[in-house]
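Engineer: Counted from 1, the sequence shown has number 351 at position 114 by my numbering; the numbering is strictly sequential.
Mixed in with the good hints there might be a few duds.
Said to hold, decoys possible - Lysine to any residue pairs mimicking SDA-like chemistry, simulated, CA-CA at most 25 angstroms apart:
#: 1; residue 1: 248; residue 2: 495
#: 2; residue 1: 248; residue 2: 329
#: 3; residue 1: 248; residue 2: 294
#: 4; residue 1: 477; residue 2: 496
#: 5; residue 1: 248; residue 2: 432
As the list claims (entries may be wrong) - Ranges between beta-carbon positions, derived for each pair:
#: 6; residue 1: 390; residue 2: 267; range: 29 to 37 angstroms
#: 7; residue 1: 399; residue 2: 304; range: 30 to 38 angstroms
#: 8; residue 1: 491; residue 2: 461; range: 18 to 26 angstroms
#: 9; residue 1: 343; residue 2: 250; range: 24 to 32 angstroms
#: 10; residue 1: 474; residue 2: 496; range: 26 to 34 angstroms
#: 11; residue 1: 429; residue 2: 238; range: 19 to 27 angstroms
Rather than coming from a laboratory, the hints here were simulated on the basis of the structure.
Where a beta carbon is used, it is the ideal one built from N, C-alpha and C, also for glycine.
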Amino acid sequence: MARTIAIANQKGGVGKTTTCVNLAASLAAMRKRVLLVDLDPQGNATMGCGVDKHALERSIYDVLVHRDLISEVVQPAGEAGFNVLPANGELTAAEVELLEVDNRERRLRAALIEADADYDYVLVDCPPSLNMLTLNGLVAADGVIIAMQCEYFALEGLSALIDTITRVSESVNHRLQIEGILRTMYDPRNSLTNEVSSQLHAHFGDKVYRTVVPRNVRLAEAPSHGIPALLYDRYSRGAKAYMALAGEIVRREERTVSGGQEQE
């Protein structure tokens, strides 16, 4: 059974898509079967996986609106070793069209049932806003990774996102929880970074990942080549950080599963 994780933050430019692509590649490098779902009309995750969003015959739009099967739309992410459910500008229309259908917030969740046995992890790259597409991602997910920079305004946006996650959990997806909080573009020399980081630990404790993703030139360059940092420069600080994050996520899940079995 696949574990579905949404990577979300309504604030743009926080490393959300970078996290989705590089975490997918890192989990695949650990021999996990991974599907990346691009729910952002910008299609940046799609391009970052080496898939040309302009040449798509079908995309996640067709899965959500026309109920095409995921197996008919999915594309391989080249040497990265995972699959991607691609997106492009057509997805903008889905935002409007979904408003007129029944169970509109459950379209992605229903579609992923088909792929459940084929993957270990499904990573959903949500758009940088709290809209119908993001809601589909949250309703389909078991957990949410919140990618955020350690800056003042990030804390304000975080409370709004947590409120949304709480409402979704209480109303339409009772299994949804915060998987973890990932500090991105991390610079320990910055006093505000350290102050915000301390506040995150105080409020969220173990939910804050030990792994931090540093500002890294190689990590920023990789998307222009259509490959994750792990393939672009596996020895870069950015690539190493995402391998560490993948390890942390897998270990957390293993502890959760073993703890549940002991209680039984």
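Engineer: Hint by hint, say whether it matches the structure.
Structural biologist: Hint check results:
Using a Cα cut-off of 25 angstroms, the hinted pair residue 248 and residue 495 is violated, with the two alpha carbons roughly 35 angstroms apart. Annotation: proposed proximity of residue 248 to residue 329 holds, straight-line Cα distance about 18 angstroms (limit 25 angstroms). Under the criterion of a C-alpha separation no larger than 25 angstroms, the hint pairing residue 248 with residue 294 is inconsistent with the structure, at around 30 angstroms. With a C-alpha separation of about 29 angstroms, the suggested pairing of residue 477 with residue 496 is violated against the 25 angstroms cut-off.
About 20 angstroms separates the Cα atoms of residue 248 and residue 432, which keeps this hinted pair within 25 angstroms; it holds. The beta-carbon spacing between residue 390 and residue 267, approximately 34 angstroms, falls within the hinted interval of 29 to 37 angstroms. At about 32 angstroms, the CB distance of residue 399 to residue 304 agrees with the hint of 30 to 38 angstroms. Separated by about 35 angstroms at the C-beta atoms, residue 491 and residue 461 break the suggested range of 18 to 26 angstroms.
Residue 343 and residue 250 have their C-beta atoms about 30 angstroms apart, which keeps the hinted 24 to 32 angstroms range intact. Taken as a hint, the range 26 to 34 angstroms holds for the pair residue 474 and residue 496, whose Cβ atoms sit roughly 33 angstroms apart. Against the hinted window of 19 to 27 angstroms, the Cβ-Cβ separation of residue 429 and residue 238 comes to about 41 angstroms, which falls outside the hint.
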